[in-house]
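Going by numbering that gives the first Met the number 0, the residue at position 872 of the sequence shown is 871; the numbering climbs one at a time, nothing skipped.
Since the hints were made in silico from the structure, they are not lab data. Owing to the predicted nature of the structure, the values given are computational and were not obtained by experimental measurement. Using N, Cα and C, we set each Cβ at its ideal position, and we do this for glycine too. Keep in mind that the hints are not guaranteed to be accurate.
Here are the simulated distance ranges between beta carbons [as the list claims (entries may be wrong)]:
(1) R335 to T599: 14 to 22 Å
(2) S905 to I1028: 37 to 45 Å
(3) Q828 to T599: 25 to 33 Å
(4) S998 to A900: 47 to 55 Å
(5) R968 to F898: 32 to 40 Å
(6) T189 to S254: 25 to 33 Å
(7) G490 to I212: 35 to 43 Å
(8) I212 to G381: 27 to 35 Å
(9) V619 to I1028: 14 to 22 Å
(10) D873 to S788: 37 to 45 Å
(11) P532 to D873: 48 to 56 Å
(12) Y607 to N754: 21 to 29 Å
(13) R968 to N754: 28 to 36 Å
Computed cross-link-like contacts, DSBU-like style, restricted to lysine-lysine with a CA-CA straight-line distance of at most 35 Å [what the hints assert, rightly or not]:
(14) K443 to K208
(15) K18 to K195
(16) K728 to K334
(17) K133 to K11
(18) K266 to K233
(19) K146 to K208
(20) K266 to K146
(21) K334 to K642
(22) K266 to K28
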Amino acid sequence: MPPAKVGATIHKVRDLIFKNRNDIKNFCKIINRCSLNQSQRYVLYTVDSIYDGVHFDFAPSLEHTQTNSDVTAEVPIAQADTTLVNAPRTSDIDSKTIIRTLFKIPRAVYTPKFPDAVRPGPDFCALLDKELEKWDPANRSLQDVAKIVSDMHEMVEFISEHSIDVLVGPLRPSALRLLESYKHALLHDTRHSKVKILMLATELLHVLKIHSIDSEDLQAFILNMLTASPTMLKQCNVSTLEHLSRMKLPESIRSNFENVMQSHTTKYMSMNDWAAMFAMVSRTSDNRAIIDCFIHGYKILARNMRRDLGDEPDLKTVSTITLRNAVGAISTLHKRLRPSDPLYKNATRLLESLWPLVESRRSRFNPVDLINITGCYIRHHGEINPQVHNGGRNCLDILIQEIHRRSGDFLLRDWVSLFEVLDTARDVMVVNVLRSNPGNYYIKMATIQRAWIEDVATMLQQQPLEQLADNIYSLSFPQCATFCKHLVAAGCYTDALSATIERRCLALITDLKYHTSRHVLDFHFLQLQMVLPPHNPLRSVLQSNKSTRDMLSHLSSDSLLRLLDMSPICNLADTLLLLQQLTSRIEANALKPSAQTAVTIMNHALRYKDANLVNAVLAVSIPPILQLEETQKGFCKLLDLSKYALRLPKSGSDITPATALNDFILERAIANVPHLGLTHLDLLLQNLYRSTGGYSPELMEAILSHALEIDLLGISLSQVSSMISTLSKLGIRHDLLLDRLEQALLMSLIEDDGNRAADCLISVGTSLAHLGVRSQKLNELYENILDGSPVAISNWDYDSLSLSVRIGLVHAISVYGVVNDSLEKRFIQLVQQSESTIKNGNNSVSFAKVDPETYRKLYDIYISLLVTGPPGMDTNAIQSEFLLEHLPCYHWFRQQEGFLADFKQSPRYSQLKGALRQLGLDNAEPRVTEAYFVHMVLDSPDCEAVLGAGNKIVYFVPPEDELVWWTPRSEESQVANKAEPHQHIIGQSNRVIDHLQRSGWVVVPVFLRLWDSLESDARLELVANLLRIKSVQL
0 MPPAKVGATI HKVRDLIFKN RNDIKNFCKI INRCSLNQSQ RYVLYTVDSI
50 YDGVHFDFAP SLEHTQTNSD VTAEVPIAQA DTTLVNAPRT SDIDSKTIIR
100 TLFKIPRAVY TPKFPDAVRP GPDFCALLDK ELEKWDPANR SLQDVAKIVS
150 DMHEMVEFIS EHSIDVLVGP LRPSALRLLE SYKHALLHDT RHSKVKILML
200 ATELLHVLKI HSIDSEDLQA FILNMLTASP TMLKQCNVST LEHLSRMKLP
250 ESIRSNFENV MQSHTTKYMS MNDWAAMFAM VSRTSDNRAI IDCFIHGYKI
300 LARNMRRDLG DEPDLKTVST ITLRNAVGAI STLHKRLRPS DPLYKNATRL
350 LESLWPLVES RRSRFNPVDL INITGCYIRH HGEINPQVHN GGRNCLDILI
400 QEIHRRSGDF LLRDWVSLFE VLDTARDVMV VNVLRSNPGN YYIKMATIQR
450 AWIEDVATML QQQPLEQLAD NIYSLSFPQC ATFCKHLVAA GCYTDALSAT
500 IERRCLALIT DLKYHTSRHV LDFHFLQLQM VLPPHNPLRS VLQSNKSTRD
550 MLSHLSSDSL LRLLDMSPIC NLADTLLLLQ QLTSRIEANA LKPSAQTAVT
600 IMNHALRYKD ANLVNAVLAV SIPPILQLEE TQKGFCKLLD LSKYALRLPK
650 SGSDITPATA LNDFILERAI ANVPHLGLTH LDLLLQNLYR STGGYSPELM
700 EAILSHALEI DLLGISLSQV SSMISTLSKL GIRHDLLLDR LEQALLMSLI
750 EDDGNRAADC LISVGTSLAH LGVRSQKLNE LYENILDGSP VAISNWDYDS
800 LSLSVRIGLV HAISVYGVVN DSLEKRFIQL VQQSESTIKN GNNSVSFAKV
850 DPETYRKLYD IYISLLVTGP PGMDTNAIQS EFLLEHLPCY HWFRQQEGFL
900 ADFKQSPRYS QLKGALRQLG LDNAEPRVTE AYFVHMVLDS PDCEAVLGAG
950 NKIVYFVPPE DELVWWTPRS EESQVANKAE PHQHIIGQSN RVIDHLQRSG
1000 WVVVPVFLRL WDSLESDARL ELVANLLRIK SVQL
């Protein structure tokens, strides 16, 4: 994108006007020409500085400026006692031309909101008043004023479409008088046909309603005409029908109107007429049959095109206005209908059918239409597969390339609209149009969006203050709020931009008179408020108008969901209020999210740990699934929902939707296991792990048997890693199944990315070490990683990994059991890099950069090297002041001291202490040894007198470190469980006990699962037996 060209349209219009600043004839020509171009018209309406230097001398007579269309004899407006004049004079035509031109400039037609403010350029209001006063009412033809009203209609529609109505005040008295006289003439006209009068009257009625002008007499006049002549509707053009569709028609006229619309679908129409009428019915009609007929009407039009123009017609004969209307109609229907509606699907298929026409005419669309059409195809790219002729994988590639090619013509408002469109498909892969990143042919849409935001922000910061103000002040308040949101998200909300944007917003807010309970701009006020910093002055002004809670309560549910998508860049307090509002609406059944929307809501809720919102979504999502007749499909959907329930913290209540979902899954599991894939099987095991009621051996045997039969071809690395991790958490060691999963893992590593591979190797190494499983192939892979030898991983580069990932990987390798000279070298490098990372120039430690978990892992590697390192290792080489006296040591022993404090406050401490006291071991106490916290140390003289010589430790083994299921490779039955209860220690407890024993301690393990199930006497007996104390003194 050439950012220097942003705003070029403003310079072009300013130059054209400045060259004709003293020639009113040419000035009118320029205004009329610019009004035909949407971008240039937008500049005329919003940028006052383009009129700077314009000055007209009103004293001389104006030059004749009529056009061929102006000299045609027209019928004048007939006042009650006015004689008709058939031939207007030259001076009248001059005034008429100037008046028509001024009616295309809002600042001439509307009273300034700030009369005392100085605006560049001439006083267009005074000029309009003067020319209207000169224009003799007796010489005004009906058609002359009709053209003016038509221009006003286009102007107010344009102002409304671009949300710039806040820039204009009320209609000028002179313009009001002109409209009133025009209405009077229409009501008393007898010269024109009824169809002509109806067309003009409906357009005037629309203009009057927009300006809140009394029009009851005109509306009654129209209804009387339609009642007296029902067949008149068949002769009306599209614009008249659209105006009528917006009126509150009596039942008889409404029925006749729908019959007329239905009849249009049964007769021949041109492509232009079809698109215009389709756009009209999509906006105004509630008759599904009529809408469906227009959708299917395109098939007839396409067939007629092939018949008239051949098998390969010239698609360029279709106008861009036709395509804009057709695609706009589809977008309107998509907004009005649910995705499950058949009409919605028919409209989507029509969008696919229109693509060849859009593709052939894409270079002729104006920027606004190009962006809107791109937005429609982006939102539905996953549902359509149009045929592409001009290169690119799909239609999005072609549209993005066209936008990039024409980006130099965009106004700032076009860029803001484009950023909002691209935001709807941030993860979609499209062709790379960024010259700064030529390495990848396809990149994410979010990457392109961010690059364009940065380019636009850079361009604006480099502009002089006057040009910057022209660009920013051309935005409406909704556009300012949206632009601010994207700048904040991209990290480009700099002081230079923020000052101008906030001044613009403050000026608009001051003028909005924001006091109503349901304001149309509530969403944009709240959007801006949520992205601004907490102590920003503009944010304070926004909050003073209305509280966040009140604004949220009056927004629609769709607006709340749009705000939810912004939550990553919003203030935390406002986001929490938003989540509360969504929760209350879902619980009150005021919001029924679709399946995809439910997933989006739960993802955001889990980011902020909002269990209430997740449970509310689950409560409305579970019942429809339970009612599905396809039980297997429904069971898989329940498992998909459980992904979000599993991420919630365990609740003390047994009646939450999350716990109910867990119960539903386990109740239906045994019948549905044979139909599950690996991903759903993994989710089922996670639900088993989450369940507090345990699981039946029959269910576990069914799961393991099915897991041995699943085809693992094409399974992703993350899926395999997650399955191994879940088996590890459950304490299930099935050697044959783990062998299959490990083989699939090694095959997936060949094609996966190096960063993802590192994360999975950390998870798999830790999980297999927890179960006490080691294999030769994985062992060799870890050794090669440590040695720096080639490994079978795509794009593997150990040095490119972040420091925390490298520490995590080396820690997982040490826990897995690969402790050799290469590990020692890697460890020394990691310690040195960690020390240099967190120390500043004064060689003092910066605690702000510390990640406690990372440094605990670093110290744990050190313990592994000390206890299980290779023979002859120089321990001094792995010791450093930083390691032993600073962060790693500090965080490690702080955690161990935390374990000690927690244990002393638990009932198990009192239980064990009491049992030992009864055995005569009064001085036994928990302690942090050289490296680990232990639950009770028996090394005092009193303890040695009872137990004999030797340092003994009582160590509690938690349930997660107990092997629950073990099926060896040699077992004939593929799912037989050979794990005896309370016999097999795994995981961290096994590792700690091994390290303590290597250090000279005698460890006496006590299984907590068994301990908690016993009474006090049985506990005393258990401890006595474990410590081999024969006589117990009670």
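Do the hints match the structure? See the list:
Remark: the range hint 14 to 22 Å for R335 to T599 is upheld by a beta-carbon distance near 21 Å. The given range of 37 to 45 Å is broken by S905 and I1028, whose C-beta atoms sit roughly 24 Å from each other. In this structure, Q828 and T599 break the distance hint of 25 to 33 Å, their C-beta atoms being roughly 43 Å apart. Distance hint check for S998 and A900: the Cβ-Cβ separation is about 23 Å, which falls outside the suggested range of 47 to 55 Å.
Between R968 and F898 the CB atoms are about 36 Å apart, so this pair conforms to the stated range of 32 to 40 Å. The hint said 25 to 33 Å for the Cβ distance between T189 and S254, and at roughly 30 Å that hint holds. Look at G490 against I212: about 48 Å separates their beta carbons, and that is not inside 35 to 43 Å. A hinted range of 27 to 35 Å is violated for the C-beta pair I212 and G381, which are about 47 Å apart.
The given range of 14 to 22 Å is broken by V619 and I1028, whose C-beta atoms sit roughly 60 Å from each other. About 24 Å separates the C-beta atoms of D873 and S788, a value inconsistent with the hinted range of 37 to 45 Å. At roughly 53 Å, the beta-carbon separation of P532 and D873 lies within the given 48 to 56 Å, and the hint holds. Between Y607 and N754 the CB atoms are about 26 Å apart, so this pair conforms to the stated range of 21 to 29 Å.
Checking the proposed 28 to 36 Å range against R968 and N754 shows it holds: the Cβ atoms sit about 33 Å from each other. Proposed proximity of K443 and K208 is contradicted: the alpha carbons are some 46 Å apart, above 35 Å. With a C-alpha separation of about 41 Å, the suggested pair K18 and K195 falls outside the 35 Å cut-off, and the hint is violated. For the hint pairing K728 with K334, the CA-to-CA distance comes to about 46 Å; that exceeds 35 Å, so the pair is violated.
The straight-line distance between the Cα atoms of K133 and K11 is roughly 33 Å, inside the 35 Å bound, and the hint therefore holds. Annotation: proposed proximity of K266 to K233 holds, straight-line Cα distance about 12 Å (limit 35 Å). Between K146 and K208 the CA atoms are separated by roughly 18 Å; this keeps the pair inside 35 Å, and the hint holds. Distance hint between K266 and K146 is fulfilled; the C-alpha atoms sit about 31 Å from each other, no more than 35 Å.
Restraint check for K334 and K642: the C-alpha separation of about 30 Å stays at or below 35 Å, so the hint holds. Simply put, K266 and K28 have alpha-carbon atoms about 41 Å apart, too far for the 35 Å limit, and the pair is violated.
Comparing the model with each numbered hint stated earlier shows that hints 2, 3, 4, 7, 8, 9, 10, 14, 15, 16, 22 do not hold.
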